[in-house]
Amino acid sequence: MSPTRLFVPLALSLLAACATQPKQNVTVEKQSECPVNLHSGQNLILTLPSNPTTGYRWAIQDSAGGVLRALSPEVYSNPQDAGIVGSAGLSTWRFQSFAAGTGRLRLTYSQPWAPEVPAVETFDCAISVN
Numbered sequence: 001m002s003p004t005r006l007f008v009p010l011a012l013s014l015l016a017a018c019a020t021q022p023k024q025n026v027t028v029e030k031q032s033e034c035p036v037n038l039h040s041g042q043n044l045i046l047t048l049p050s051n052p053t054t055g056y057r058w059a060i061q062d063s064a065g066g067v068l069r070a071l072s073p074e075v076y077s078n079p080q081d082a083g084i085v086g087s088a089g090l091s092t093w094r095f096q097s098f099a100a101g102t103g104r105l106r107l108t109y110s111q112p113w114a115p116e117v118p119a120v121e122t123f124d125c126a127i128s129v130n
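In this text, residue positions in the sequence shown follow the UniProt record's numbering: the first is 1, and each later residue adds one.
Worth flagging that the hints you see were computed from the coordinates, not collected in a lab. Note that this is a predicted model, so its numbers are computed, not measured. Cβ coordinates follow ideal geometry from the N, Cα and C atoms, glycine included. Do not rely on the hints blindly, as some may be mistaken.
[As the list claims (entries may be wrong)] DEER-style ranges, computed between Cβ atoms:
no. : residue 1 : residue 2 : range
1   : Ala119    : Tyr76     : 14 to 22 Å
2   : Ser87     : Glu29     : 15 to 23 Å
3   : Ala88     : Trp113    : 15 to 23 Å
4   : Gly41     : Pro73     : 31 to 39 Å
5   : Ser72     : Glu121    : 15 to 23 Å
6   : Asn25     : Asp62     : 18 to 26 Å
7   : Thr27     : Ser87     : 19 to 27 Å
8   : Gly41     : Trp113    : 18 to 26 Å
9   : Ser72     : Gly101    : 17 to 25 Å
10  : Gly66     : Ser87     : 33 to 41 Å
11  : Gly86     : Gly41     : 37 to 45 Å
12  : Pro115    : Gln31     : 18 to 26 Å
Use the sequences and the hints to build the structure in full.
Okay, here's the thing in structure tokens:
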């Protein structure tokens, strides 16, 4: 049997395996990208607009703890080209799916020292892990 006859089926099976692998990171930047379906082991990167200089902060109300685990705390970044003190930036969280099931990832944007004042924004996303 020639080596070419062995190579072709092997190459096709490798291509098929690569085509069925889900991407490792799923990024969500707005509510309209929900609900999110993940495979166990996939990472979810959530990025939301934020401006802590105004006193407003995102707070996690429900972390979908039965299906997601936090990989890092919130990381705030300010765009390099903004050049304006106090300009808005982005808050980013990283999670990893670890168990099959469903949950909700819910955050509110409010001033933490004023709990009686309703949140000015809410992010609510259904998470499903297979």
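Margin query: Check the structure against each numbered hint from earlier and tell me which ones fail, lowest number first.
Written below: 4, 8
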